[in-house]
Amino acid sequence: MSDTLKGRQPGSRLRLPGYRPEEPGTHPPLDHPDYRSTRLRHPSQPLVPLPHRLTEVTGPLLGEGRVGETDHDLTAQHPGEPLGERIIVTGRVLDGDGRPIPGTLVEVWQANAGGRYRHDGDRHPAPLDPNFSGAGRCLTDAEGHFRFVTVKPGAYPWKNHPNAWRPAHIHFSLFGRAFTQRLITQMYFPGDPLFPFDPILGSVPEAARERLVSRLDMDLTTPEWALGYRWDIVLRGRRATPLEDEEDDA
Amino acid sequence: MTHPPTPSQTIGPFFAVGICWPDGPDVVGEDTPGARRIGGRVLDGAGDPVPDALVETWQADPQGRFAHPDDPRGPVSGGFRGFGRCPTDAQGRWAVRTVKPGPLPTPDAGTEAPHLDVSVFARGLLHRLVTRIYFPDEPDANAADPLLASIADPQVRARLVAVPDGDDRLRFDIRLQGDQETPFLAI
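Protein chains in written order, with this note's numbering: chain A, 1 to 250; chain B, 1 to 187.
Treat each hint with caution, since some may be false.
Claimed, not checked - Some, not all, of what chain B presents toward chain A, calculated at C-beta under 8 Å:
no., residue
1, 3
2, 33
3, 35
4, 115
5, 117
6, 181
No lab work stands behind these hints: they were computed from the structure.
Since we're looking at a predicted model, the values are computed, not measured.
All C-beta atoms in this analysis are idealised placements derived from N, C-alpha and C, irrespective of residue type, glycine included.
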């Protein structure tokens, strides 16, 4: 038997960890007319079910050699400090059973304090900050914690509808442990008065929206230096461990 | 107790400031035996290029193994990254350099044909799209593949198979919407 297909011998079935399917009421619909850019970019055909097999229950384990010393500190990547309100953003990456996901790569990117991205496509006439690139990365620790130091991003206008403004947010990219857990999302700040006007946050089922909003945590603040926001990220959970079956014990 | 999962949001138009790596498209180095380029265009429902998409690929090594602790067949050495990441350019083009993965055993004693799992992110996509790329020089393995077999319409099924595009090159266009829409997968 070829090495590739090892694991197929009679009596020793390939046993894979199972991940739950996506939970209804969690994610935005792909077709969300209030967010105009979805119009020509959402599939019109139903999705084809893909049972989770080897490629889906594994995934890239990235990060070794990809995270530099100042990558978690967006205020320390240039000779001077960026303008804006210095903040600490921290939380844990968990799976749906509340288990921490250690050693997983977390990537973030954001606008500067004036609401401008360091990107050629950003035409918002707010100033760039020579001391702010707006990108960070880190690996979670053994308990799944990530921690970034940055400045609070500004709100900014966009062209979705007349006088459209995005509430302040930080983009997050997560890998978790398996392809099934890959997630890109956005973290918001508590009490932002722009929430009711934002079709991107508003695309999320109402009961799930608050999961995207961080909370101010005075215990996280560094007095005389920075405010602290806490936000936990929950990736897809595993199925209950299947019972041993007799065939496997033979 | 279960924790409710965090909802997805769009990657937005400015992700290049944060998550593009210089070596993102290089799943393998240039001199790797069997290296080939797999790429194409991302197109919207009007047939226009999507210049602000991110395409990511994930795959087994040529022996059909993953350097991952949840591959029950045991650890592999060699540090095969298995992961590719490429933003689209102004014409909607993306490409990765990789090798063909091996076939994979399934839990019910079947075999999956060599394939790449693909994630597509873009402005205007509130949640990632997932699809697969199969190989045109594997007709027998493709005929026995459980995912391909689950798609009844042969024309739709064929859209998951890359098209030869010159030496060591395969083309795989991703059509988000429309008559020739790429089959997207619910995982």
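Exercise for the section: Tell me if residue 33 of chain B is really an interface residue toward chain A, meaning its C-beta lies closer than 8 Å to one of theirs. Expected result: Interface hint status for residue 33 of chain B: violated (17 Å vs cutoff 8 Å).
Problem - Status of the residue 115 of chain B interface restraint (C-beta, 8 Å, chain A) - result: 7 Å, holds
Problem - Hint validity - residue 181 of chain B Cβ closer than 8 Å to any chain A Cβ - result: For residue 181 of chain B, the interface hint holds, since the closest Cβ of chain A sits about 5 Å away, which is under 8 Å.
Problem - Status of the hint placing residue 117 of chain B at chain A (closest C-beta pair under 8 Å) - result: 5 Å, holds
Handout entry: Interface restraint verdict for residue 35 of chain B against chain A (beta-carbon cut-off 8 Å)
Key = 19 Å, violated
Practice task
With chain A as the partner, please determine if residue 3 of chain B meets the hint condition of a C-beta pair closer than 8 Å.
Solution key: 5 Å, holds
In summary, the numbered hints that this structure violates are 2, 3.
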